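Q: Sequence:
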Amino acid sequence: GDAWDVRLRDGVEFHNGKTMGAEDLIFTMERIMDPTKPTLAAGSLNFMRPQRFRKLDKRTVRFELERPFAPFVDALFNPYDSIVPVGFDPRKPVGTGPFKFQSITPGSDSVFVRFENYWGDGPYVDELHIIDFMDDSARVNALLGGQVEAIDAVPASQVQVFEQTDGINMLNSKTGAWRPLMMRMDVAPFDDVRVRQAMRLVADRQQMIDASLDGNGQIANDIFSPNDKCYAGDEIPQRERDVDRARSLLKQAGQEGLSVELVTAPIAGGIVEASQAFAEQAAEAGINVKLRKVDSTLFWDREYANAPFLVDFWPNYPYLNTAAQSEMPGGAFNATYTDDPKLTKLFNDATKEFDDGKRCEIIGEMQRWEHENGAYLIWGFANTLDAYSDKVTGFAEDVNGWDLHTYAFKNVSFV
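Numbers in the numbering used here are just positions in the sequence shown, counted from 1, shifted up by 669.
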């Protein structure tokens, strides 16, 4: 368990004509974990050490780990881990996918062309144009007017309209994507678990789903990764709204009349609306939630991991992969500053347990800790809402929460 051999698919070609080999995998992992400039994936790969990567042959790499790590494969389930060739230049992006990069005009559009030597089936169109729109109305009108063949992140209020519009197909995918409200555990008032629990107790989760997603989602129980085989959220009693209990907890914590600022942004469909709904619900418990809406760029540049109370968006990743990034010290997306010795020990115990049943038992303990002590208010799992013209086919549902089936266009073709 402390050494894994990874063998690459034979005959995979990069867009620059180079055949993908072991040296590219090593280069990619070293690039991700560069201590001077680590990428976003580095936090979930801290069980690796670049100096212990070894090329066995032209397609095989041995990863000798710091410690046994059972979810090794899950840890690589991350778009930030995509393999790039030795000498990769971000200004001239090269990959192995069905389309290769041609051009980009920031804020306007990007163009990709069919890669003739793609290793798999497809693609079935010659060019792919991805166009940026300033607002939802412009995107919707572009689809209705035939300017584009598909749009992602359909406004929930538009779903029924599209379902009743000739020539338009809706793709409404149930997913494990979650859009939490996050509380920083390292600063007041959220360093007190009673305050965190009170915030969770005032949430009317179904109302938040209805207000933000027009009902296109499922109620969550403050635990993530519902599609993971070790998910225990269904075994833990669903947290129900209890305003009286929330008031009592706030009184115990000396936080009666609590006033907090919630930083929100349109980083995914319905997040701003969910924030507004929560603020109204919290008022019933005497909590004054002041909303501060910022644009998405400002949110990621200045507010994320800084504001004490803010929103977030997560697709559905395997549980331990998500926990590594979001709840472990040093995690790239640990914006709640969770740093609990018990949770960290459970995580380490789970990652070195190779018996699936025993590992799931440990993960169940982690999820019970999260339900009782955590800093995420996970109110629902959002459906992915995409729409496309009946002039094209090949789009599929996606359980992970990425739009347009993780932007996978290799199977799309004109009818």
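Just so you know, the hints here were simulated from the structure itself, not pulled from any lab data.
Take these hints with a grain of salt, some might be off.
Derived CB-CB ranges, DEER-like [stated by the list, open to error]: (1) S1082 to G814: 18 to 24 angstroms; (2) K962 to D1008: 43 to 49 angstroms; (3) G814 to I905: 22 to 28 angstroms; (4) I905 to G815: 26 to 32 angstroms; (5) D671 to K761: 22 to 28 angstroms; (6) G923 to L960: 48 to 54 angstroms; (7) E904 to Y793: 29 to 35 angstroms; (8) D778 to V862: 43 to 49 angstroms; (9) A672 to S928: 50 to 56 angstroms.
Predicted model only: the values in this text are computed from it and were never measured.
For every residue, glycine included, the Cβ atom is placed at its ideal position computed from N, Cα and C.
Q: Could you work out which earlier hints the structure fails to respect and list their numbers in ascending sequence?
A: 2, 3, 4, 5, 6, 7
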